[in-house]
Amino acid sequence: MRHPRRSVLRAYREGTLPDRPDAWSRERAEALAAGTLTDWTRWEVAAHVATCTRCRRRLARLGEATAPWTLPWLARIRAALQRPRATTAVWALAGAQAVAIAAILLWGGPADRPVLKPDGLPTLNQSSSVAFPAASPAYSVAFEPDAPWGEVSEWLHSLNAEIRGPDEDGRYVLVGDGLSADLLVRSAWIRCVDAAEGGDEE
Amino acid sequence: MNPEALARTMLELFLAEMVLCRDDFEEEDVKFWSETYHDEVHEASAVAREISAYLATKRRLRSSRAGNPRNVVAVLLYNVSHSGERDRARRDGWQSRLADGFTLDAIGDVHEAADLIRDLRGAALSEQSIGQIVGRVVNLDRVSRLVQEEYARLEEGEHRGAG
Chain A
168 MRHPRRSVLR AYREGTLPDR PDAWSRERAE ALAAGTLTDW TRWEVAAHVA
218 TCTRCRRRLA RLGEATAPWT LPWLARIRAA LQRPRATTAV WALAGAQAVA
268 IAAILLWGGP ADRPVLKPDG LPTLNQSSSV AFPAASPAYS VAFEPDAPWG
318 EVSEWLHSLN AEIRGPDEDG RYVLVGDGLS ADLLVRSAWI RCVDAAEGGD
368 EE
Chain B
101 MNPEALARTM LELFLAEMVL CRDDFEEEDV KFWSETYHDE VHEASAVARE
151 ISAYLATKRR LRSSRAGNPR NVVAVLLYNV SHSGERDRAR RDGWQSRLAD
201 GFTLDAIGDV HEAADLIRDL RGAALSEQSI GQIVGRVVNL DRVSRLVQEE
251 YARLEEGEHR GAG
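Protein chains in written order, with our numbering: chain A, 168 to 369; chain B, 101 to 263.
It is worth saying that the hints were derived from the structure and are not from the lab. All figures in this text were calculated on a predicted structure; none of them were measured in a lab. Even glycine gets a Cβ: it sits at the ideal position worked out from N, Cα and C. Careful, some of the hints might be misleading.
[To be verified] Label-pair distances were calculated between CB atoms; the ranges are:
hint, chain 1, residue 1, chain 2, residue 2, range
1, A, 197, B, 237, 41 to 51 Å
2, B, 182, A, 209, 27 to 37 Å
3, A, 309, B, 261, 52 to 62 Å
4, B, 203, A, 224, 25 to 35 Å
[As the list claims (entries may be wrong)] Partner residues aside, some chain B positions facing chain A, computed with beta carbon under 8 Å:
hint, residue
5, 101
6, 103
7, 109
8, 110
9, 113
10, 126
11, 129
12, 136
13, 210
14, 211
15, 214
[Stated by the list, open to error] Chain B residues, not near chain A, derived (Cβ > 10 Å throughout):
hint, residue
16, 121
17, 189
18, 191
19, 216
20, 224
21, 237
22, 253
Work the whole structure out from these sequences, hints included.
Printed below as a string of structure tokens:
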């Protein structure tokens, strides 16, 4: 089955889609069931989302992405990922400097920072032996209550990323490069809760 | 997904919109999806007529000083909860959800309302439990009589139109 495009989901969320088609027909119902419509309406997106876990998750993520604190952050990550490699390196470097500052503010310095297992997440497989650059970008993150931890753990490992924390305020930080963070946030299991930790600096 | 499953979803969405008191959908659309879902014209007409009867009763109560359209939502939820096979586990789940203070006010959008309808099916909740969900004491007998009146009126109108 095919799915409505992101722009369609955004329009649905914003309430700018037409309410219904001029007329429903058996052919249109079949196209809707197959997800191949090109002119989605509000009712049709609602019906698709009601039966498609993937699109429901995409829709929820769109809501998060339009929150004021995530939009610039994700936009910059996307922009950085789309840039030529050399420019990305400059962005990462600038991000790293900001991370170093943020890390000092948060825990008094990255060198002293212990790598902890988040409370209540016993299956989260963190490896303190993973070698990170001296100051990899870090992102304050929160977890979705239904996150499948085994799968998250595999993602972290394969992306050479790590979750550290909690700090005194119970916050967790995802440490890794912009690509790791972007992919993890796209998974909808982990969300960025603020942009202070350097990933959005250029 | 086959068109029949889609039609079933659509019918749930119509009910969900009614639960949210957003009743401005087209009754023609209800007919189309009922016919897509039910091969038998007779059954399709009955489903469409039932939804139209809820809508008509809501309109009637809206124009009455003593009436409240949410009472119709209560009847709708009661009927949904008594449809399908009885599910004791689901009923128990609802009892604890109600003990935690769940009401319709927690429902924010059409998808949550559709989930509610699916969760209610087979739960066979009591009049009191339905009252807790809608946040008011509702005399379901009285309101369902009004729905039945509207249903009979619609049926009669269709027969007269056909004849």
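Inset, instruction - Go through the hint on residue 211 (chain B) and say holds or violated, using the shortest Cβ distance to chain A against 8 Å. - result: Holds, about 6 Å.
Legend entry - Beyond 10 Å from every chain A Cβ - status for residue 253 (chain B): holds, 26 Å
Legend entry - Evaluation of the interface hint that places residue 129 (chain B) against chain A, nearest CB under 8 Å: Given a least distance of 6 Å, the restraint on residue 129 (chain B) holds.
Legend entry - chain A contact restraint for residue 101 (chain B) - C-beta distance below 8 Å: holds, 5 Å
Legend entry - Hint validity - residue 103 (chain B) Cβ closer than 8 Å to any chain A Cβ: Status holds, d = 5 Å.
Inset, instruction - Mind checking the hinted window 25 to 35 Å against the Cβ distance between residue 203 (chain B) and residue 224 (chain A)? - result: holds, 26 Å
Legend entry - Given as non-interface: residue 191 (chain B), partner chain A, CB spacing beyond 10 Å: Correct as stated: the minimum Cβ-Cβ distance to chain A is 24 Å, above 10 Å.
Legend entry - residue 261 (chain B) and residue 309 (chain A) - C-beta distance against the hinted 52 to 62 Å: Holds, since residue 309 (chain A) and residue 261 (chain B) (Cβ atoms, about 58 Å apart) stay within the stated range.
Legend entry - Restraint check, 8 Å cut-off on beta carbons, for residue 110 (chain B) near chain A: holds, 5 Å
Legend entry - Closest CB of chain A to the CB of residue 237 (chain B) still more than 10 Å away: holds, 31 Å
Legend entry - Restraint satisfaction for residue 113 (chain B) [CB to CB of chain A, less than 8 Å]: holds, 6 Å
Inset, instruction - Determine whether the Cβ-Cβ distance between residue 197 (chain A) and residue 237 (chain B) falls within the hinted range of 41 to 51 Å. - result: About 46 Å separates the Cβ atoms of residue 197 (chain A) and residue 237 (chain B), which means 41 to 51 Å holds.
The structure fails none of the hints (numbered hints given earlier).
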